[in-house]
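Asker: Chain by chain, the residues run as shown.
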Amino acid sequence: MTVTDVVTAVLLLGGALSCLLGALGLVRFPDVPARLQAATKPQTLGLLLILVGTAIRLEFESAATLLLVVAFQIITAPVISQIVGRSAYRAGTMRRDDLVVDELADPMARSDLPGPARDDPSS
Amino acid sequence: MIRRLPQLFWLTVVWVLLWGTLTPATIVGGVIVALLVTWLFPLPPMRDPIPLRPLRIAALAGFLAVDLLRSAGDIAWETMRYGSRARAGIVAVPLLAGSAHAVALLAGSVALTPGSYVLQIDRGRGTFWVYTLGIRGEDDVERVRRAMLVMQRKVIAAVGTAGELADCDRGLAAGTEKTP
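Going line by line, the protein sequences match chains A and B. Quick note on numbering: the numbering used here labels position 114 of the first sequence as 114, and the sequence is numbered without any gaps. For the numbering used here, count along the second sequence from 1 and bump the result up by 1000.
Any given hint could turn out to be false.
What the hints assert, rightly or not - If you want a taste of the chain B side facing chain A, the calculated C-beta under 10 angstroms gives, among others:
no. : residue
1   : V1016
2   : L1035
3   : D1140
Treat the hints as calculated values from the structure; they're not laboratory data. For glycine and all other residues, C-beta sits at the position ideal for the given N, C-alpha and C.
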């Protein structure tokens, strides 16, 4: 067992653990935004660790492609989570009683910003 | 055409990486594909040049990597310890970055951090709102506000202008003052 083996094993297992925790969060968390966090972020980290772990064992040509996958994952994942998260807030699927603090509710209610559906008196 | 050159270069690099071999055929193919892509999907021209500071960008990448690992741990703890009783909050943070690309990079950086993402950006009022998982009290709110300001400082140091950087330092000095 070489150092490379150990590093690869740690990275692969760490990535798998991260994905598992993400899946657990998806089941356990109460509302859309919280589940979204569990569904996107640990997945990104998990994939990242697994691909880096794999890349270490490969020759450079194949490893470069894997790094490209990592780069695109990092670029695209935040955009998705952001768009779905914003929609969740505006559609009123966020469990408001679970929010400890909501500093956005006030500005939304008294301004031109499109407010969350539940707080809109006309709806 | 000159303005499209960096774009052509990077698209060609991506193409060559996808093939995994550096041969004349892949390079020529990459240039052809890059020309096609930039011709079919032209990007709007940038009005102001982006100041790129390689060292600061590397520092930001390192900071984000550490942040990614640490927040992944936090979220794992929140999952195991609280689960369905997990609590979250929406925190208003002063927006100190002015240029569009700095704001975009900031939003991306926040979204990459497990447990938080940007809900709303109001450039007119200079405020953005961050949803964060695992907030339990007033202390956590101030901690998140502070952390967001620190991240903002790093983003602006990487791609912001000197003026933005000065504004940001003033904002940091003012502390975690609440925005109206």
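Asker: Each of the hints needs a verdict: does it hold here or not?
Answerer: Consistency of the hints with the structure:
1. Among the interface hints, the one on V1016 (chain B) holds; its C-beta lies about 9 angstroms from the nearest C-beta in chain A, closer than the 10 angstroms criterion.
2. At a threshold of 10 angstroms, the smallest CB-CB gap from L1035 (chain B) to chain A is about 20 angstroms, leaving the interface hint violated.
3. For D1140 (chain B), the suggested interface contact is upheld, since its CB lies about 8 angstroms from the closest CB of chain A, less than 10 angstroms.
When the structure is compared with the earlier hints, a violation turns up for hint 2 alone.
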